[in-house]
Amino acid sequence: MTARPRLKTSAMIASIAAEGQATTSAPFGHALVEAAKRDERIVGMTADLGKYTDLHIFGQQFPERYYQMGMAEQLLMSAGAGMAREGFVPFLTTYSVFASRRAYDFICMAIAEERLNVKIVSALPGLTTGYGPSHQATEDIAIFRGMPNLTIIDPCDALDIEQAVDAMVEFDGPVYMRLLRGKVPRVLDRFPDYQFKIGKAQRLMAGEDALIIASGLMTMRAVEAADELAEQGIKVSVLHCPTIKPLDTQTIVDEVRQHTGKPVFVAENHTVVGGLGEAVGALLMREGVCAEFHQIGLPDEFLDAGALPTLHDRYGISTREVVSKVAGIVARKS
Amino acid sequence: MMGTPAQSVVSDDIENLRHHAYRIRRNALLMGEVQGQGYVGQALGIADVLAVAYCRQLNMRADDPEWEGRDRFLLSIGHYAIALYAALIEAGVISADEIDNYGSDDSMLPMSGMAAYTPGMEITGGSLGHGLGIGVGMALGLKRKNSGSRIYNLLSDGELNEGSTWEAVASAAHWKLDNLIAIVDVNDQQADDRSSTVLNYEPVADKWQAFGWETWRVDGNDLTALVEAFDQAVNSTSDKPRVLICDTLMGRGVPFLESRDKTHFIRVDENEWSLALQQLDEVYGISAEEQS
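The listed protein sequences derive, respectively, from chains A and B.
Quick note: the first sequence uses the working numbering, first residue 1, plus one each step.
Quick note: the second sequence uses the working numbering, first residue 1, plus one each step.
Hints were generated in silico from the structure; no laboratory data involved.
Just so you know, not all the hints are guaranteed correct.
One-sided and incomplete, this derived list gives chain B residues near chain A with beta-carbon spacing under 8 Å [stated by the list, open to error]:
1. His-130
2. Gly-141
3. Arg-144
4. Gly-148
5. Ala-168
6. Val-198
7. Glu-202
8. Gly-285
We put the beta carbon where it would ideally sit given N, CA and C, even for glycine.
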């Protein structure tokens with residue numbers, strides 16, 4: 001019997017790209033550089049994580065517009081508020097855990113209550129590191145959904161990030177964006193009609209057997225799963241919903257109505273508590289839309305440390321697990 | 001080195017400031033009376049500092065509180081709003097007619113200071129430990145714009161308990177924010193007890209100095225000393241941020257409140273408001289006819 005090779009913890013260098021997948025390096029950093037060439041108001045500020053949020057790309061290009069604020073997330077948010085008060089458009093970067101758990105009051109009172117033009121861009125959202133609960137922001141969306149005035153974006157891939165940066169610059173107000181950093185997969189290029197817009201959900205694939213509503217990297221998984229399910233004869237619609245707040249209620253309700261009697265899945269790289277899934281569930285209840293509703297997301301627990309592929313399988317957010325769950329439920333109904 | 005203010009200010013200036021300080025105290029008492037409560041102890045204690053700031057030091061336009069060239073005055077301590085309103089009224093930014101609306105529904109003068117409500121209120125400071133960090137960002141922003149404006153930030157000794165304040169203290173020194181002047185009101189009072197009992201931060205000046213700030217410690221109820229300290233802080237040629245640590249007396253100017261067993265939130269009974277105003281006039285040697 002041969003021992004299987006032990007996977008090593010993919011942690012600080014964790015990549016969500018599959019082997020052979022097309023990727024773009026540091027799409028956020030490069031997109032911000034391009035935006036900053038056009039808009040002099042943009043400044044970059046980080047809390048000792050410039051290299052780990054791809055903001056260093058901006059810092060290399062614009063050293064005079066790059067502010068290293070040190071390992072002090074409360075200060076990062078306050079100073080960003082001050083910069084915005086003086087007319088600048090600060091992009092603040094840290095990890096999602098620190099932005100949400102540590103700096104909440106500073107975002108809430110100094111930025112959101114004043115509706116200041118601050119963009120918070122944070123890496124390692126959900127389960128994108130094997131470092132364990134100290135670095136896994138499995139509940140950041142749940143934390144931030146309660147904050148008035150804050151727009152929440154969970155982009156899917158490099159293309160989404162590039163377009164979202166431009167949209168954030170155009171948009172006047174506070175935004176929280178979950179960041180995929182490093183070598184980020186490109187998957188949305190195959191949908192030529194797709195264009196990221198704040199507050200818009202868009203259908204990527206059409207199929208009558210089931211609907212998957214997804215955000216963030218789970219849209220990537222949903223698309224991959226839909227391809228595999230098609231080979232099994234199961235046709236699945238995929239609705240990409242990269243803006244968690246404000247939610248595109250009209251599009252979601254319309255899509256669900258078009259799948260009446262079919263299972264509806266909401267897939268997210270986040271705990272099933274308080275994220276996109278519960279937002280959609282509550283929306284459907286408010287609108288009186290009856291659907292067979294399933295959540296694909298992380299369990300309500302502190303997650304294990306380990307290798308990302310292992311953990312994505314363990315917690316049900318790998319493509320294989322999505323295929324298995326959707327196929328099982330569709331088969332049960334037919 | 002800690003500066004020691006010299007006693008060389010023209011006495012006319014001081015006499016003017018004394019009248020401004022009197023009217024700030026009076027405005028605060030009148031607002032307190034409207035609601036029957038308020039942080040009047042803090043307002044009376046900090047009135048001299050605000051008189052120097054708003055009636056002498058700040059480069060501002062009363063009829064254009066958002067004028068780009070203004071010095072920015074950030075009130076970290078939202079519960080001191082009554083004191084700042086009193087000063088904004090004295091400086092002519094807010095009409096004295098607003099006194100009667102203090103803390104009422106739809107008033108521009110809510111109990112806790114909020115930027116969206118009040119002309120001249122730069123930030124929302126009800127949650128402590130925000131002001132100096134915002135000040136750091138604004139000071140950096142002013143430098144980016146090559147502006148000569150300054151940031152003043154009034155914080156309290158209790159606010160030094162908040163760790164975020166020290167993140168900002170360290171950052172301001174790192175960035176050499178010579179356009180940032182912090183003012184710490186040391187009245188040794190906070191919600192539960194004396195500040196020195198709750199969480200002692202003395203020696204306060206040593207701590208700021210160790211963090212790289214140019215530091216002055218003055219009697220915050222001595223107008224001459226305050227004027228000298230403000231002048232020295234503004235005129236210093238060092239590249240350090242500056243802090244004025246001001247020791248004040250809660251209730252200053254109204255003897256029965258000064259001597260009251262101190263609490264963070266001084267109780268003033270309904271029949272005592274007129275007594276407070278009367279004592280204030282006696283302390284300042286101003287008769288009822290003069291002030292009306």
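Closest C-beta approach of Ala-168(B) to chain A relative to 8 Å, hint status: Hint on Ala-168(B): holds, closest Cβ of chain A at ~6 Å, below 8 Å.
Val-198(B) was flagged as interface toward chain A. Is the shortest Cβ-Cβ separation under 8 Å? violated (20 Å)
Tell me if Arg-144(B) is really an interface residue toward chain A, meaning its C-beta lies closer than 8 Å to one of theirs. Holds, because the Cβ-Cβ distance from Arg-144(B) to chain A comes to roughly 7 Å (cut-off 8 Å).
Go through the hint on His-130(B) and say holds or violated, using the shortest Cβ distance to chain A against 8 Å. holds (5 Å)
Quick one, is the Gly-148(B) hint okay against chain A at 8 Å, beta carbons? violated (14 Å)
Report holds or violated for the interface hint on Glu-202(B), using the least CB-CB distance to chain A and a cut-off of 8 Å. Violated. Min distance 24 Å.
Classify the hint on Gly-141(B) as holds or violated, based on whether any CB of chain A lies nearer than 8 Å to its CB. This interface hint holds because 3 Å falls under the 8 Å limit.
Once the shortest beta carbon distance from Gly-285(B) to chain A is found, is it less than 8 Å? Nearest chain A Cβ about 42 Å off; hint violated.
Violated hints, listed in ascending order, are 4, 6, 7, 8; each of the other numbered hints is respected by the structure.
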